[in-house]
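Asker: Please work from the sequences and hints to get the whole structure.
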Amino acid sequence: MRMLLAPLAAAASLASTSAFAVDYLSAEQARRLIFPDADSFEPHDIALDASQMQALAANGVPARSARWPVQVAKRGGSTLGYVVVDEVIGKFELITYAVGLNADGTVRQVEVLSYRESHGHEIRLPAWRRQFIGKTGASPLRVGEDIANISGATLSCTHVTDGVRRIVAVLGLARRTGALS
Amino acid sequence: MKRNTLSLAASLAVSLLLPALGAHAQSAATDADLAQKVDKLSAELAALKAQVQASPAAAPAEPATVLTSYGEINYNRPSKKPENAQADVRRFVLGFQHRFDDKTKVVTELEVEHGVSSADDAGEVEVEQAFIEHQLMPGTALRAGLFLMPVGLLNENHEPTAFYGVERNFVETAIIPSTWREGGLQYVGSFDNGLTVQAGLSTTFDLSKWDATSTEGAESPLAAVHQEMSLAKARDVAVFGAANWRGIPGLLLGGSLFTSNATQGQAGFPSARITLWDLHARWTPQRWDLSALYTQGHISNTAELNAPLVGSATLIPERFEGWYVQTAYTAWTSGDQALSPFARYERYNTASRYADLGAGLTPDALPTERVFTVGANYKLNANVVVKLDLQRFKENKDNNRFDLGLGWSF
Numbered sequence: 000m001r002m003l004l005a006p007l008a009a010a011a012s013l014a015s016t017s018a019f020a021v022d023y024l025s026a027e028q029a030r031r032l033i034f035p036d037a038d039s040f041e042p043h044d045i046a047l048d049a050s051q052m053q054a055l056a057a058n059g060v061p062a063r064s065a066r067w068p069v070q071v072a073k074r075g076g077s078t079l080g081y082v083v084v085d086e087v088i089g090k091f092e093l094i095t096y097a098v099g100l101n102a103d104g105t106v107r108q109v110e111v112l113s114y115r116e117s118h119g120h121e122i123r124l125p126a127w128r129r130q131f132i133g134k135t136g137a138s139p140l141r142v143g144e145d146i147a148n149i150s151g152a153t154l155s156c157t158h159v160t161d162g163v164r165r166i167v168a169v170l171g172l173a174r175r176t177g178a179l180s
Numbered sequence: 000m001k002r003n004t005l006s007l008a009a010s011l012a013v014s015l016l017l018p019a020l021g022a023h024a025q026s027a028a029t030d031a032d033l034a035q036k037v038d039k040l041s042a043e044l045a046a047l048k049a050q051v052q053a054s055p056a057a058a059p060a061e062p063a064t065v066l067t068s069y070g071e072i073n074y075n076r077p078s079k080k081p082e083n084a085q086a087d088v089r090r091f092v093l094g095f096q097h098r099f100d101d102k103t104k105v106v107t108e109l110e111v112e113h114g115v116s117s118a119d120d121a122g123e124v125e126v127e128q129a130f131i132e133h134q135l136m137p138g139t140a141l142r143a144g145l146f147l148m149p150v151g152l153l154n155e156n157h158e159p160t161a162f163y164g165v166e167r168n169f170v171e172t173a174i175i176p177s178t179w180r181e182g183g184l185q186y187v188g189s190f191d192n193g194l195t196v197q198a199g200l201s202t203t204f205d206l207s208k209w210d211a212t213s214t215e216g217a218e219s220p221l222a223a224v225h226q227e228m229s230l231a232k233a234r235d236v237a238v239f240g241a242a243n244w245r246g247i248p249g250l251l252l253g254g255s256l257f258t259s260n261a262t263q264g265q266a267g268f269p270s271a272r273i274t275l276w277d278l279h280a281r282w283t284p285q286r287w288d289l290s291a292l293y294t295q296g297h298i299s300n301t302a303e304l305n306a307p308l309v310g311s312a313t314l315i316p317e318r319f320e321g322w323y324v325q326t327a328y329t330a331w332t333s334g335d336q337a338l339s340p341f342a343r344y345e346r347y348n349t350a351s352r353y354a355d356l357g358a359g360l361t362p363d364a365l366p367t368e369r370v371f372t373v374g375a376n377y378k379l380n381a382n383v384v385v386k387l388d389l390q391r392f393k394e395n396k397d398n399n400r401f402d403l404g405l406g407w408s409f
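From first to last, the protein sequence lines stand for chains L and V.
Heads up, the first sequence is in numbering that gives the first Met the number 0, so the first residue is 0 and it goes up one at a time.
Heads up, the second sequence is in numbering that gives the first Met the number 0, so the first residue is 0 and it goes up one at a time.
The hints are simulated quantities; they were obtained by calculation from the structure and are not laboratory data.
Cβ atoms here follow ideal geometry from the backbone N, Cα and C, with glycine treated the same way.
Keep in mind that the hints are not guaranteed to be accurate.
Derived coverage of chain L by chain V (criterion: at least 3 residues anywhere in the stretch with Cβ under 8 Å from a Cβ of chain V; other residues may be distant) [said to hold, decoys possible]: (1) 104-117; (2) 124-133; (3) 148-162.
Answerer: Encoded structure:
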């Protein structure tokens with residue numbers, strides 16, 4: 000039995016390490032950092048249907064995936080906000096980051112969990128990440144508009160910013176349609 | 000993710016079926032035993048499912064090997080001498096990065112310049128980068144091998160999508176010999192205050208190969224003596240360092256220093272030191288992209304080096320320098336498309352001073368060239384750029400030209 004379970008365990012651990020490179024923070028550390036007041040986090044999957052994905056794409060934010068795992072930050076039964084962990088390719092490598100949104104859908108915080116590009120570690124700096132605070136689905140959320148670039152790491156900045164814009168749009172849609180309540 | 004889910008399902012099927020078959024063969028096994036086992040497996044399956052589902056939403060797969068490429072296809076048309084108009088596959092670069100593990104990767108680039116490289120053609124095939132990068136801790140890495148030197152704004156970010164204008168600016172071509180690479184060991188550290196420090200030891204130039212009969216040294220003194228790690232003379236070792244601060248979003252302030260002896264102990268050549276430094280700044284508030292750079296190079300002991308060359312076309316300069324200021328503005332965007340007009344003014348001198356060789360023997364410093372470039376980059380997307388510009392030369396007006404370029408990078 001132990002031998003038979005070994006490949007199964009290997010498959011699961013492969014899934015978690017390849018999808019969750021961690022250099023700076025684990026997903027759990029990130030959500031505790033974003034919502035220090037939360038007494039619990041509840042997993043909640045958003046499942047977009049075809050028409051919702053088309054609606055997002057029509058607004059210029061292709062959803063990339065139909066399924067979005069969200070951690071709902073709770074305190075005493077009330078919802079403080081939401082945390083989504085996502086990955087984008089920077090220039091050549093994966094960047095793992097977490098986006099925290101307040102209950103009203105505004106961006107609360109962005110944390111970088113892992114960054115492996117040879118250049119552009121500065122996207123980890125609080126000064127760069129602070130630019131996202133308070134952004135909404137109505138914000139441009141574009142490098143060169145309301146988000147300043149990091150010289151030498153344009154693609155990393157652009158792709159993380161695009162990722163935050165996508166998460167804000169997906170959760171905005173989910174909130175509007177009641178899929179998050 | 001799909002592959003992992005499939006292998007998970009296969010493993011589960013095997014895990015569930017084999018024990019069941021085994022149980023059937025053993026008469027001692029009871030239904031209760033089997034039910035217990037199934038319950039246990041169900042619990043394990045649920046736990047594993049939860050683990051798998053904790054992964055991010057349809058994240059892109061971790062790329063272990065990444066194929067990279069950039070290229071520039073340029074057309075230059077001198078306005079006073081249209082007969083010299085030229086179309087050129089300026090450079091075509093293929094590379095790959097391969098990650099051996101979480102900490103270690105290899106980075107390579109192979110470049111072909113001018114379309115064809117053969118005994119009868121001007122083209123070159125070059126290994127532009129070939130180094131191993133090992134991460135010591137997050138934000139801190141060591142590089143070993145052939146790497147781009149951390150100098151100025153362009154050398155490490157030289158893809159056509161990263162700079163304005165069809166051609167690279169003159170200051171970072173004639174004074175800083177981009178694409179400048181050396182072999183050696185480099186430390187890279189990114190700190191929480193926004194400072195990135197790069198420093199190391201590397202190969203260097205070879206002043207013993209200065210060709211005083213050629214004008215190459217007047218076009219770019221360091222490009223005339225670079226070695227590009229091609230059977231490079233390696234008696235002399237260079238020390239280099241760069242510091243770049245990006246603590247305020249959109250702002251970059253930095254500088255670099257490179258120094259080494261460069262006559263490589265060759266018989267008949269006195270010891271001489273090459274030193275090059277630069278200061279640079281870039282600020283990108285909203286749609287603006289403003290940058291400025293100053294760089295200066297020195298070669299010591301040039302009086303002695305030049306003594307046997309007196310009377311030749313191109314002596315070794317004691318000092319060479321240049322600066323530029325550039326402004327660009329993204330005037331229009333639509334989706335990934337962007338149109339960014341820009342203007343750049345640069346002054347550079349590849350021989351702003353010669354060491355004194357005595358009256359009548361010391362060459363005059365070259366005149367300082369001033370170039371004004373105005374044009375636009377049109378990005379079809381983040382990876383494809385079409386550029387056009389006009390360049391006006393104050394000194395050598397025959398060089399005035401119209402440039403058109405197509406570039407890509409991924």
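Asker: Starting from the hint list further up, note which numbers the structure goes against and sort them upward.
Answerer: No hint contradicted; all consistent.
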